[in-house]
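So the protein sequences, as listed, match chains A, B and C.
Anchor point for the first sequence: position 1 equals 29 in our numbering, and the numbering is continuous, going up by one each time.
Anchor point for the second sequence: position 213 equals 220 in our numbering, and the numbering is continuous, going up by one each time.
Anchor point for the third sequence: position 99 equals 1380 in our numbering, and the numbering is continuous, going up by one each time.
A hint or two may mislead.
Listed next, the in silico EDC-like pairs over lysine to aspartate or glutamate satisfying Cα-Cα at most 20 Å (straight line) [said to hold, decoys possible]:
| no. | chain 1 | residue 1 | chain 2 | residue 2 |
| --- | --- | --- | --- | --- |
| 1 | A | Lys62 | B | Asp136 |
| 2 | A | Lys131 | B | Asp75 |
| 3 | A | Lys131 | B | Glu40 |
| 4 | A | Lys131 | B | Glu106 |
| 5 | A | Lys131 | B | Asp47 |
| 6 | A | Lys131 | C | Glu1504 |
| 7 | A | Lys131 | B | Glu43 |
Everything labelled a hint here was simulated from the structure, so no lab data went into it.
None of the values given here were measured: they were computed from a predicted structure.
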Amino acid sequence: MKNSASMLLLSITLTSLFSYPASAAVAEIELVIKDHLFFPATLEIPAGQKVRIRIINQDSTPEEFESYELNREKIIVGNGQAVIFIGPLEPGRYPFFGEFFPKTAQGVVIVK
Amino acid sequence: MRSIRLFLISSILATLVLFNFLAALQGYQSSMEEAETLFDNQMLDLARLVSNLDVSNSNTTEIRLGNDLAFQIWEDGSLLAASSNAPDELLQNFTPGFEFTNFNGYRWRTFSRFEPSLNRWVIVAERTDLRFVLAENVVLQSIFPLLLGIPLVGLLIWVIVSHGLKPLQQLSTELKNKRANDLSPIHHTDSRVELDQVIESTNGFIQRLGRVMEREKRFSADAAHELRTPISALKIQLHNLSEEIDTNHDSFLALQYGVERMQHLIEQLLWLYRATPEQFVANCKAVDLFKITQDQLAILYPGFEKKAQQIELQGDSAFVEGDQFALEKLISNLLRNANKYTQEGGKIVVRIEELEAAGEDAVKGSAEKEICLTVEDNGPGIAESDRVRVFDRFYRADSQDDTPLSPGCGLGLTIVSHIAELHHARVVLEESSMESGCAFKVYFKKIS
Amino acid sequence: MFLNAVIIVLQEILEASLLISVLLVFTQLFHKIWGKSFSLKTSWVAYSIILGIIGAGLYSHYTPQVSEWFDYVGQEVVNASIHIGSLILLLILAFVVPSKKITGKLMTRSRLTTFCMTGVVLLAIIREGSEIMQYVGGIAGQSGNFTPIVFGGIIGAGIGLSIGVLLYYGLMSLSIKWAYRLGLILLMLIAGNMGSQAVLLLTQADWLPFTPIAWNTSALLAEDSILGHLLYALIGYEATPSILQLVCYLSGMIMIAISPLFRKVQPHNQSLAGTN
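Chain A on its own, in the form it takes in the complex (with noise of 0.2 Å):
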């Protein structure tokens, strides 16, 4: 009985994980990563609403995506690329970093 409980609660958990599709048309930003720097080291979004941000590494050493304010964390391999969607946000700041070069790969999110 509990079993069948527990297995019926499983199966609910992983449909919800998967049933959704990917929304379309999300406004799409470019975040490049060079000399262990990012351009532009200030991203302005507007409130409310979901974001692309595209990451192209043009250093030959990977570099990790960090923020805890947008709960965001993905490693960019040496000259490749990655995207990563935050939002929607409330008006604020949102500071990000470079795990792997934090002293100079600073930048922030700027949500109006």
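Using the hints, position chains B and C against chain A.
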């Protein structure tokens, strides 16, 4: 499965590593903060210096600073002067204090300051990566010995823990090597408070066990001893009776046989309990096995003669370490056994020979020699399935055949194996080399 | 560089070593509770670590290709799958553990349990290990970076492993009852964290819809503080979890709570209390 040593070493090392490394981290962080403050103060000084620069002279714009520093002087919203590596754009908003910015492909720490007397803004910048690397290299030097020390500390902990556990290890080795019949107390000279109770309790157990065994032994011995007197009395009465009545009467014969058998049983029982390891070691000396065999054969000869058995002794003098009396008993028991179980007119061969050690514990190539005492007959032999049982107490191959000729009680071979064990000798029961029968072989260590 | 290396290596090593500690404690507890009839060999740890390191090497080697999958969100999808796979293995483990007084050998169950433990640790090491490998492999080769990264790596690994060892011996020093209870609580947090992480990654890849954040405790305990990092590795602490993350965290915990593994504590309370 769970080891005290592993627990101690890994948990002590883990605690040590954890707190040492956390302390190192803390030290790193505070040192780096200190260094940051230091660098910031330098920038402050630099800004103050730059603000008072006389820029009316045109060539000041050509001021070159090291690659890691830059400055700008702004007056009324226009760039008055700058170091050669500074960009034309405003490095920092006109807000006094520290900031970060990116230019020339680097990240810079900037500081801006307003000079009221000259009505100008001064912005100085320093490359973060360079000043950071500089500070970090200094701080890491202090962490390095800590890392280097950890393997050493681990090794030391291992040595210390092993040393600390040594008394325990010694005690367990001592207990492991203790022979089963050794009831002497444990003498742990290298005593520790923690182990004293263990040793005391163990010795208490050993002592109590010893007392119990002693009591049992004494009881059997005393009982057997006390029984001797009435048996002797019985025998005298039996002898007296034989003079007065017809001795061929069945009941009388049965009575005589019964008394004889009881006497034998008591003698053997007495023997079994007399041959204790402690007594044995005290009486041990080099004895001639051949001589003992000869003497025993002479004593027992009437028995062989009675059954018209042919008996032969082969071999030569051979010395082994042992107790004379015990070895006499061993040989006489083997001879009696052969006499008893071999048919009338049968043949018995007793052989004493020197052999190369063939035991599994013998080291190859070593000149270890053994003395082998063989007693074989051409009697009916013992079935393979019964061979393991012949040394058991009170086992008799002919338990249904109670003829007056065999006053055995089933203890003879038990005593043989007991004595052999005391002498660290092996007893083997094999098939006889003659057409039938069995061969008892006792392998003694030769005195070197 | 140094501090970063510490944080990155510590976080990954700590997650793996806590998982290994808790599962090893359960291995020992199963042996104590059921004796030979449901006893696992502790050698599974060695296998899972060796295979995990090999797997981590392969994964980090193929990360450039993987990250291009699904329009550059391949990493999120693969990592989320690893989390979900680990969670499923943990749940299988929790459900195949015998709950009643058992008779005879339970070969199939103990094999399956061993398989699940090996699998969970293996997957964790693949994920954590590949991140360390990418970091160290990608950065340490550059001049000037080597010393701080190696030092930081050693210090991070040392702290992470030490906490794991102390947790193991700490739990093993308790009575069976309490070791089981605390181990179970940790296992529930681990399971919840796996669910929550999978949701976070799939949201980041836009495979799951955005849900508002449930709360913001960053003022109370910042994620980038040392305690924040430790709690993140331990129970998956996040200052700003989304509602869907919270739901999945709780369902992971609940599913462990309704499993035989959880119920095991109740009927044997009295008998267990006296055994240690």
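Consistency of the hints with the structure:
For the hint pairing Lys62/A with Asp136/B, the CA-to-CA distance comes to about 15 Å; that is within 20 Å, so the pair holds. For the given pair, Lys131/A sits about 15 Å from Asp75/B by alpha-carbon distance, which is consistent with the 20 Å threshold. Distance check on the hinted pair: Lys131/A and Glu40/B sit about 14 Å apart at the alpha-carbon level, within 20 Å; holds. For the hint pairing Lys131/A with Glu106/B, the CA-to-CA distance comes to about 13 Å; that is within 20 Å, so the pair holds.
Restraint check for Lys131/A and Asp47/B: the C-alpha separation of about 16 Å stays at or below 20 Å, so the hint holds. Under the criterion of a C-alpha separation no larger than 20 Å, the hint pairing Lys131/A with Glu1504/C is consistent with the structure, at around 18 Å. Taking the CA atoms of Lys131/A and Glu43/B, the gap is about 12 Å. The hint holds against a cut of 20 Å.
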